[in-house]
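Number of protein chains: 2
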Amino acid sequence: MSFAVRVVFIISLTANLFALLMLCQNGVFSAIKRSVRNIIHTKTLQTDDLRSVSIYDDKFIISGLPFVARGEDLYRLPESVRSRIRPILWELGKQPSGGRIRFKTDSNSIAIIAKSSSSVSYHMNSIMKSGLDIYVDDIYTGSAWPDINGDIKKRFYLGDKKLKNITIYLPLYSPIKIHKLYIEKHATVARPDDLKLISPIIYYGSSITQGASASNPGLSYPAIISRRTGIDFINFGFSANGLGDIDIAKLIGTIDSSLIVLDYWANPTSGQYKKSLPDFVGAIRKKKQNIPILVISPFYSAGLQKQRREKREIAFDFVAKRKRSGDSHIYVLDGENMLSRENSSGLVDGIHLNSLGFWFGANALEAKILEIIDQ
Amino acid sequence: MSFAVRVVFIISLTANLFALLMLCQNGVFSAIKRSVRNIIHTKTLQTDDLRSVSIYDDKFIISGLPFVARGEDLYRLPESVRSRIRPILWELGKQPSGGRIRFKTDSNSIAIIAKSSSSVSYHMNSIMKSGLDIYVDDIYTGSAWPDINGDIKKRFYLGDKKLKNITIYLPLYSPIKIHKLYIEKHATVARPDDLKLISPIIYYGSSITQGASASNPGLSYPAIISRRTGIDFINFGFSANGLGDIDIAKLIGTIDSSLIVLDYWANPTSGQYKKSLPDFVGAIRKKKQNIPILVISPFYSAGLQKQRREKREIAFDFVAKRKRSGDSHIYVLDGENMLSRENSSGLVDGIHLNSLGFWFGANALEAKILEIIDQ
Chain A
1 MSFAVRVVFI
11 ISLTANLFAL
21 LMLCQNGVFS
31 AIKRSVRNII
41 HTKTLQTDDL
51 RSVSIYDDKF
61 IISGLPFVAR
71 GEDLYRLPES
81 VRSRIRPILW
91 ELGKQPSGGR
101 IRFKTDSNSI
111 AIIAKSSSSV
121 SYHMNSIMKS
131 GLDIYVDDIY
141 TGSAWPDING
151 DIKKRFYLGD
161 KKLKNITIYL
171 PLYSPIKIHK
181 LYIEKHATVA
191 RPDDLKLISP
201 IIYYGSSITQ
211 GASASNPGLS
221 YPAIISRRTG
231 IDFINFGFSA
241 NGLGDIDIAK
251 LIGTIDSSLI
261 VLDYWANPTS
271 GQYKKSLPDF
281 VGAIRKKKQN
291 IPILVISPFY
301 SAGLQKQRRE
311 KREIAFDFVA
321 KRKRSGDSHI
331 YVLDGENMLS
341 RENSSGLVDG
351 IHLNSLGFWF
361 GANALEAKIL
371 EIIDQ
Chain B
1 MSFAVRVVFI
11 ISLTANLFAL
21 LMLCQNGVFS
31 AIKRSVRNII
41 HTKTLQTDDL
51 RSVSIYDDKF
61 IISGLPFVAR
71 GEDLYRLPES
81 VRSRIRPILW
91 ELGKQPSGGR
101 IRFKTDSNSI
111 AIIAKSSSSV
121 SYHMNSIMKS
131 GLDIYVDDIY
141 TGSAWPDING
151 DIKKRFYLGD
161 KKLKNITIYL
171 PLYSPIKIHK
181 LYIEKHATVA
191 RPDDLKLISP
201 IIYYGSSITQ
211 GASASNPGLS
221 YPAIISRRTG
231 IDFINFGFSA
241 NGLGDIDIAK
251 LIGTIDSSLI
261 VLDYWANPTS
271 GQYKKSLPDF
281 VGAIRKKKQN
291 IPILVISPFY
301 SAGLQKQRRE
311 KREIAFDFVA
321 KRKRSGDSHI
331 YVLDGENMLS
341 RENSSGLVDG
351 IHLNSLGFWF
361 GANALEAKIL
371 EIIDQ
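Residue numbers (my numbering), protein chains in the order written: chain A, 1 to 375; chain B, 1 to 375.
It is worth saying that the hints were derived from the structure and are not from the lab. Hints may be right or wrong, so weigh each one.
Each pair may be met inside one copy or between any two copies, as identical chains are not told apart.
Simulated pairs of lysine-lysine, DSSO-like, Cα-Cα distance not exceeding 30 Å [to be verified]:
1) 94 to 306
2) 162 to 250
3) 286 to 306
4) 287 to 161
5) 275 to 321
6) 162 to 306
7) 185 to 306
8) 177 to 275
9) 59 to 154
10) 161 to 274
11) 306 to 287
12) 154 to 321
Remember, it's a predicted structure, so these values are computed and weren't measured experimentally.
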């Protein structure tokens, strides 16, 4: 063999071994199987009797993403903060948790073609992570999820030809592009019914706030509470990064809201939490003197008892102190009312909530929110 | 180049292309990343201060798997039916849904090394599919899940050194081998406290009964009801294969039970359901004349209205007919009491229940079960 042939041979052998290694890795075979199944699945989408509509049309409302202008990406944060915030926050801000596309139609069915992501996780399914939920008049009516390439193609049958409010809940943990939205050819589109005529509730927090590990985009606790109360919401949960960043506080101060919920005890250390709370609330108060702020102390979690106790005390002490110094619009809720030891089967991995946990959480938080807002 | 070198070269080139193709498939990169992360994670398991105990020891009870003898695989069906039943039922029977390992210990921590599977799914996370839940005195205390190779290695800290009941819930959708179970070196093991002293409830049904798509092994509706009532249970839910197989009915007739729940409306067509119900119940009744049988009609699902109506009628008519012909131990529950349109956010994909849906389902079914068993 010549030297060149020998080199090619060695490179090839390495590649062979690598290919073999890949195949031996469990998961690759099933990934291929899934891929094939999904390709077959997605090829079945029929659109002959449908017409395409644009989510950026006047008749559509994109709720929960206050900075998205016509034609722009469905991101949570505005371009204006990009250079100021930590890069990871910008990445997480591309995940449109809490984003909803709302409209009204008398179409008997709708179809969606979109691109999100195909990544998987131990505690999240791909429906919540990268998929979509459809609610009709606030009743859950189905979901779509991506294939191995991140492609979503699905037609939903809605049951009748009456005019109805459609809400498409965007993925909680993956950026998404809606390529096409279809309704039936002779159907009409109209503006959706208004939500309750008060400003949205803003939730700031961690992965739990963002929605991990609900089973569905419509099952984060802010989404559940919004359907129950009719009040719009903005989800500023930043997975592993709810650290009290002052630039996020400043941004929150610029958004019209009826209540600001601070649920970010999970990510910072006790020290960081204690240090950041006064600054974070201070930055909001510079812009919003009278908007109620609700601080949530830690939920129950399996383990982490000491940290939970410390952070609970920090939250309660902080709110008491602000009240004493004249802030009459600040409140505190014991997170263990949202998830207690007795309801700990609402945890998926000892820390994150599952759909049941979000339901428990919404029950306690909804009561507190109504108490505050009714005042 | 010689002919042989050329052949090797071509084979190698193909392998190279294949390796490249593999890499280009989305998901593979993340699978590798996950794998690396998991290897790091699983390597941290410390067992120096632990001692190994055997789940087949006298002090351990393996609940929910009535046919598992000492040292045998944790399967749901006995070897004796293997040749008679459809092969897919045998495969599904290897998935130990409802299986629990129960014991008592004063150890402050336990550790588990096990092998399950690494496959993923659009509507299931790997915790429920292939992982384990640990409950301490019926309180959820954490979960373990497999890495990309299906390996589970995890230590659980239980909070104190009191004697407490440990329940390990086995995976709902994957066979598992428990290689090692550890407790602390100087800790003791004892028999677990008895469950309520009545025979277990047997649930026969589809994927929904088996537990898809709860977030956790402990969150199928039979598991929730068992924790609430203290009554043991056996889960004979066979994903996509709850078709009224007569051999399963005969098997159920051989198991000591206090109630048999038939929740298998989801998989058969209306015709198959109508035809199989009398035979299935007849085969049970040959062995168990007086054990209460509860037939559940369809849950709510997005779509499938006609089939649901038909099957509801079949279930109700069948029970009424058996009552008229003298069977005073048969009952029916409207599945829409377990999951209604109003509670349809308890569905993950329009058909299967999420953890919230199982909770809703358990609420209605528990009430009905207590009503029947108290009679």
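Quick rundown of the hints versus the structure:
1. 94 to 306: neither (34 Å within a copy, 41 Å between copies)
2. 162 to 250: neither (43 Å within a copy, 49 Å between copies)
3. 286 to 306: neither (33 Å within a copy, 58 Å between copies)
4. 287 to 161: Answer is neither: 46 Å inside a copy and 52 Å across each miss the 30 Å cutoff.
5. 275 to 321: within (14 Å within a copy, 71 Å between copies)
6. 162 to 306: Between copies, since 19 Å is at most 30 Å while 55 Å is not.
7. 185 to 306: For residue 185 and residue 306, only the inter-copy Cα distance (26 Å) is at most 30 Å; the intra-copy one is 60 Å.
8. 177 to 275: Classified as neither; 38 Å inside a copy, 47 Å across copies.
9. 59 to 154: Classified as within; 22 Å inside a copy, 52 Å across copies.
10. 161 to 274: neither (55 Å within a copy, 32 Å between copies)
11. 306 to 287: neither (35 Å within a copy, 56 Å between copies)
12. 154 to 321: Neither, since 52 Å and 42 Å both go past 30 Å.
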